[in-house]
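Each of the two chains sits in its own frame; use the hints to bring them together as a complex.
Chains A and B, in that order, give the protein sequences.
Just so it is clear: in the first sequence, position 184 is 184 by my numbering, and no numbers are missing.
Just so it is clear: in the second sequence, position 37 is 37 by my numbering, and no numbers are missing.
Everything labelled a hint here was simulated from the structure, so no lab data went into it.
Warning: the hint list may mix true and false statements.
[Claimed, not checked] No farther apart than 25 Å at their CA atoms in a straight line, the calculated lysine to any residue pairs in the SDA-like style are these:
1. K169/A <-> K107/B
2. K114/B <-> A255/A
3. K81/B <-> G138/B
4. K175/A <-> V155/A
5. K116/B <-> I178/A
6. K7/A <-> R12/B
7. K128/B <-> A190/B
8. K96/A <-> F171/A
9. K253/B <-> R43/B
10. K70/B <-> K8/A
11. K145/B <-> K59/A
12. K96/A <-> D156/A
13. K96/A <-> V82/A
14. K175/A <-> G138/B
15. K128/B <-> T104/B
16. K169/A <-> T226/A
17. K107/B <-> F179/A
18. K175/A <-> L78/B
19. K114/B <-> G138/B
20. K81/B <-> K145/B
21. K145/B <-> E166/B
22. K96/A <-> N158/A
23. K8/A <-> F29/A
24. K175/A <-> L103/B
25. K145/B <-> Q131/A
26. K59/A <-> L241/A
27. K128/B <-> Q172/A
28. K128/B <-> E176/A
29. K169/A <-> A268/B
30. K107/B <-> K96/A
31. K114/B <-> Q172/A
32. K145/B <-> F179/A
33. K175/A <-> N154/A
What follows is each chain in one-letter form.
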Amino acid sequence: MGSGKSKKMVKSMQYKMLSLICFVLIIVFWCIASYGHLVQEVFLPSPTAVISKLLSMAKDGSLWANCRESIARVMIGWIWSVIVALPMGMLMANSKRFSAFVQPIIEFARYLPVVALVPLTLLYLGIEETQKYTIIFLGTFFQLVLMVADTVSNVDANMINAAKTLGAKRFQIYKEVIFPAALPGLIDDFRLTIGWAWTYLVVAEMVAASNGLGFMILRSQRYLATDTIFAGLIMIGLIGLVTDWIFRIISRIAAPWQERLGDSR
Amino acid sequence: MKKLTEEENGGRAVRLQVRDLGKVFGEGDQSVTALRDVNLEIRESEFVMIVGPSGCGKTTLINIIGGLEKQTSGEVLLDGKPISGAGADRGMVFQGYSLFPWLTVQKNVEFGLKMKGIPAPHRESAAKKYIRLVGLDGFENALPKQLSGGMKQRVAIARTLANEPEILLMDEPFGALDAQTRVVMQELLANIRRKTNTTILFITHDIDEAVLLGDRVYVMSRRPGSVRAVLDVELPGERSHNSLVLPEFLRIKKQIMDMLWQESNDAAMDR
Numbered sequence: 001m002g003s004g005k006s007k008k009m010v011k012s013m014q015y016k017m018l019s020l021i022c023f024v025l026i027i028v029f030w031c032i033a034s035y036g037h038l039v040q041e042v043f044l045p046s047p048t049a050v051i052s053k054l055l056s057m058a059k060d061g062s063l064w065a066n067c068r069e070s071i072a073r074v075m076i077g078w079i080w081s082v083i084v085a086l087p088m089g090m091l092m093a094n095s096k097r098f099s100a101f102v103q104p105i106i107e108f109a110r111y112l113p114v115v116a117l118v119p120l121t122l123l124y125l126g127i128e129e130t131q132k133y134t135i136i137f138l139g140t141f142f143q144l145v146l147m148v149a150d151t152v153s154n155v156d157a158n159m160i161n162a163a164k165t166l167g168a169k170r171f172q173i174y175k176e177v178i179f180p181a182a183l184p185g186l187i188d189d190f191r192l193t194i195g196w197a198w199t200y201l202v203v204a205e206m207v208a209a210s211n212g213l214g215f216m217i218l219r220s221q222r223y224l225a226t227d228t229i230f231a232g233l234i235m236i237g238l239i240g241l242v243t244d245w246i247f248r249i250i251s252r253i254a255a256p257w258q259e260r261l262g263d264s265r
Numbered sequence: 001m002k003k004l005t006e007e008e009n010g011g012r013a014v015r016l017q018v019r020d021l022g023k024v025f026g027e028g029d030q031s032v033t034a035l036r037d038v039n040l041e042i043r044e045s046e047f048v049m050i051v052g053p054s055g056c057g058k059t060t061l062i063n064i065i066g067g068l069e070k071q072t073s074g075e076v077l078l079d080g081k082p083i084s085g086a087g088a089d090r091g092m093v094f095q096g097y098s099l100f101p102w103l104t105v106q107k108n109v110e111f112g113l114k115m116k117g118i119p120a121p122h123r124e125s126a127a128k129k130y131i132r133l134v135g136l137d138g139f140e141n142a143l144p145k146q147l148s149g150g151m152k153q154r155v156a157i158a159r160t161l162a163n164e165p166e167i168l169l170m171d172e173p174f175g176a177l178d179a180q181t182r183v184v185m186q187e188l189l190a191n192i193r194r195k196t197n198t199t200i201l202f203i204t205h206d207i208d209e210a211v212l213l214g215d216r217v218y219v220m221s222r223r224p225g226s227v228r229a230v231l232d233v234e235l236p237g238e239r240s241h242n243s244l245v246l247p248e249f250l251r252i253k254k255q256i257m258d259m260l261w262q263e264s265n266d267a268a269m270d271r
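If we strip away everything but chain B, and leave its shape as in the complex, we get (with noise of 0.2 Å):
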C-alpha cells in the first residue's frame, strides 16, 4: 500500500494503521478465514467508522485492535509501534452492558485511573468531569442496575474516556439500544468528539450511524471480511439527526447501501 505523505494526510499524524491483517479460526479443514488482508488507516483526530454485513469479521476486527484476540497474520501499529496485547492506549465501549455493577457511576469512571495508580482526589475530580461531559451529573452515586441502557452506555464512553486513550474503540455501542435513544446518543458522541478531538474507530452494522458520525467509512466485504471500499463523509454543518435527510448524505448511504446489498446477495448465492 502507498505510504501517505503528511499533506496528503492533512498534516495529521497516523495514528492507527492496520497491515494486511488476516485471522483464521480452527485449524485444517475446520477452519474458518475471518479476515482477509484487511488494511486500515486511523489519523490523528479522525472518526472513522467501519460497517460491514453481520458475519464479517468487524467485532474480530476490532477485538485484535484491542488487544483481546490474536491475529493470525499481518500487523496493527498504533502510532508506530506493534500492540501487544489489550492496553488502556486502546480504550473499548461495547456493545453488551460492560459496567461493573457493583461499583457507582463515579467509581466506574475512576476504573482505569484506580489501575493506573492515579492517587483519589485526582482521580475524583477528572471523573466529574467525564461524568459532565457524558451528561451524568447528579447520577454520580447511582448504581448501573439504576440506569437505563443509555445511561449505562455514557457510563461506559465516560469510563473508556477518562482513561485518555490514544484511540476509542467502539464496538457497536448502540446496538442494544431504541431507535431514539439511539440518536441522541449519536448526537452526542458528535458532540463529545468535537469537544475533545478524541481519536475513534467505530463498527456498526446500520449505514445511517456510519455516515452520520464518520469522516471516513470502510465497507467490508462478507467473510472472509476485508476492505471493500473507503468513502469520504463530507456533510455540511454539525452532524446531527438533520444530517440524515441532507442530500449528500443519502447519496453516500445509497452508495453503501448498493455495495452491501450486492455482498448480502453474493452470500446467499455462495452457499
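With the rest of the complex left out, here is chain A (with noise of 0.2 Å):
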C-alpha cells in the first residue's frame, strides 16, 4: 500500500512538472519572439509591459472591477442555464414522451449561432445586464440540457433495476441512484459549460457593455493598445483555470467513490 501510495505521488509530481514546462516553454518562445525584436510591439507586447499594465490596471482598480463584472455575469447566466437544464434534461432521458416533446425544439435552437441573437436580446431587452445573461443562457442552456440528458440515460440500467428489487419508489430512484450515480458525469458537463459561458460572454461585452473583460478588450483594439488586451486574455485565462481546478476538487469532494481513468494523477 505505502509504496503504492508513493509511486502515486511519484507520478503526480510529474504530472505537475510536465503541465509547469508547456507554460514556461510558451513563456520562453514569447521572451525570444519579444526581447529579440522577432515580432513588432505592437503586435506582440513584451512580458515586462504587460506585467506591468496588469499591475497599473491593478492599483487603479480597474482590473478587479472588470473581473468581478465579468464574473458575475458568467455565474449568474450559467446558474440559470444549469437550474433549467438539470431537471429539464433528467427528465427527458427517463420519459420518452417529454424528450419527444422538447428535443426537436433543443436541436433546432441548438444549431442557432448565439451572435446571430444578439440584435433580437437587444430589443426584447435592451442593453440592461439581463441581457447580458441571456446571451449566456441562450449559449448553454440548449448543449448542456442534452449533455445532462446524455450523462443521465447513461446510469447503468443494472443500478437502476436493483433499486427497483430492492423497494425503491420513483421519486427515491431520482433522488437515491441516478442523481447520486450521474453526478460525476453532471461536473463535468458543468465544467465544459461555464468555459463555453466566457466565450459568450464575450459576444455579450462586445455589443453593448461599458465594462467587463470582455469589453476591456476590445476597446483597447481601437487604440492598438496589445499590452491591454494581452493582460486581458491572460486574465480570462486564468479565471479559466482557476474555474476548473475548484471544478476537480468539488467532484473529489461530491463522488470520492468515483474510478478514474489517469487516477494517479
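Structure representation (C-alpha cells):
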C-alpha cells in the first residue's frame, strides 16, 4: 500500500512538472520573440509591458472591477442555465414522451449561432444586465440540457433495476440512485459549459457593455493597446484555470467513490 | 396443471407460481417468441434452479418474475396474488455488479431498509447482521471499488437478504467470477440458505452449479424457452465442493448434460 502511494505521488509530481514546463516554454518563446525584436511591439507586447499594464490596472482598481463584472455575468447566466437544464435533462432521459416533446426544438435552437440572436436580445431586453445573462444562458443552455440527458441516460440500468427490486419508488430512484450515479458526469458537463459561458460573455460584452473583460479587450483594439488585450486574455485564462481547478475539487469532494482513468493524477 | 396438495409438497406452502407464461418481443414478422407456456412452482424455503442453453430466455423469465419486464401472456403469483411491477418482496441479485459505488458496504446493505423508511439504528444493526452472514465483517466502511468481484457479490447478496424478501431471485450471480471464487460463493450460498431458510430461485447455465445448489432443477428448452424437465436433486450430506464427485451428483449431471446437448444440437439443426 505504502509503495503504491509513493508511486502515485511521483506520478502526480511528474504530471505537475510537465504542465509547468509547457507554460514555461510558451513564456520562453514569447520572451525570445519579443525581446529579440522578431515581432513588432504593436503585435506582440513584451512580457514586461503586459505585467506592468496588469499592475497599473490592479492599482487603479479597473482590473478587479472588470473581472468582477465579467465573473458575475458568467456565473448568473450559467447558473440559470444549470437550474433549468438539470431537471429538464433528467426528465428527458427518463421520459420518452417528454423527450419527444422538447428534443426537436432543442436540437433546432442548439444550431442557432448565439451571435445571430444578439440583435433580438437587444431589441427585447435593451442593454441591461439581463441581456448579458440571456446571451450566456442561450449559449450554454441548449448544449447543457442535451449533455445532462445523455449523462443521466448512461446511468447503469443494473443499478436502477437493483434499486427497484430493493423497493425504491420512482422519486427515490431519482434521488437516491440516478442523481448520485450521474453526479460526476454532471459536474464534468457543468465544467465544460462554464468554459463556453466565457466565450458568450465576450460576445455579450462586445456589443453593449461599458465594463467587463470582453469590453476591455474590444476597446483596446481601437487604441492598438495590445498590452491591455494580452492582459485581458491572460486574466480570462487564469480565471478559467481557477474555475477548472475548483470543479476538480468539487468533483473529488462530491464523488470520492469514483474510479477514474488516470486516477494517478 | 395438476394442483399439488399440501401433503404432496411436503406440507410447505407454494411461494411462487408461474402459470402459462409467454413472452413475445416485437410485433408481426419481426416478432420473436422468447418464452412459451412456462410453468414453475417454488415452495417455501425451497432452492430451485433453472438451467438452460444460452438464449433460452432464462434472464427474461427471471426479469418478469422480478417485475422488471412484462409478460405477454400468463401470470406470476406470489403467495397466491398476482405480482405487479418490481417490489421488495422479490429481491434480486444480478450477474453484473449492481452495487451503488458511492455508498459504503454498510450503506449499500442498508439501502432497501432506508427505502422502507426504517429508522437508522434499526437499519444499522440489521445490516451488520447480514454483513456478518456473508463473511464481510470488518469491511463495513469499504467502498465497492475496493472490493474484489466475489466480495461485491457478497455485498449484493447481503443487501438483498437484509430486505427479508419473500423470495430471492438470482440471475447468474456467479457467472463473472473465476472458477475457485465461484465454488467458494456456492458453498457460502448453500450455507446462508441453511441458516436463513430463504426461498431461492437461481438461474444458471452451469450444470454443476445447478445440481450442487438446487433441491430441484428445471431444465429449459432452447428458444422459445419452456420447461423441458424437472429433476429432484437428493444428495447425501451437506452441499459442498465434495458433493461435486458423488455418484448421485454425476448421475443427475449426466442427465441434464444429455438434455442440454440435445437442445443445442436441435438448435443447430433449426438454423
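Outcome of the hint check:
no., hint, result
1, K169/A <-> K107/B, "holds, 18 Å"
2, K114/B <-> A255/A, "holds, 21 Å"
3, K81/B <-> G138/B, "violated, 40 Å"
4, K175/A <-> V155/A, "holds, 13 Å"
5, K116/B <-> I178/A, "holds, 18 Å"
6, K7/A <-> R12/B, "violated, 60 Å"
7, K128/B <-> A190/B, "holds, 20 Å"
8, K96/A <-> F171/A, "holds, 17 Å"
9, K253/B <-> R43/B, "holds, 23 Å"
10, K70/B <-> K8/A, "violated, 49 Å"
11, K145/B <-> K59/A, "violated, 51 Å"
12, K96/A <-> D156/A, "holds, 18 Å"
13, K96/A <-> V82/A, "holds, 22 Å"
14, K175/A <-> G138/B, "violated, 29 Å"
15, K128/B <-> T104/B, "holds, 12 Å"
16, K169/A <-> T226/A, "violated, 60 Å"
17, K107/B <-> F179/A, "holds, 17 Å"
18, K175/A <-> L78/B, "violated, 29 Å"
19, K114/B <-> G138/B, "holds, 22 Å"
20, K81/B <-> K145/B, "violated, 39 Å"
21, K145/B <-> E166/B, "violated, 30 Å"
22, K96/A <-> N158/A, "holds, 20 Å"
23, K8/A <-> F29/A, "violated, 32 Å"
24, K175/A <-> L103/B, "holds, 14 Å"
25, K145/B <-> Q131/A, "violated, 47 Å"
26, K59/A <-> L241/A, "holds, 23 Å"
27, K128/B <-> Q172/A, "holds, 23 Å"
28, K128/B <-> E176/A, "holds, 21 Å"
29, K169/A <-> A268/B, "violated, 44 Å"
30, K107/B <-> K96/A, "violated, 32 Å"
31, K114/B <-> Q172/A, "holds, 10 Å"
32, K145/B <-> F179/A, "holds, 19 Å"
33, K175/A <-> N154/A, "holds, 16 Å"
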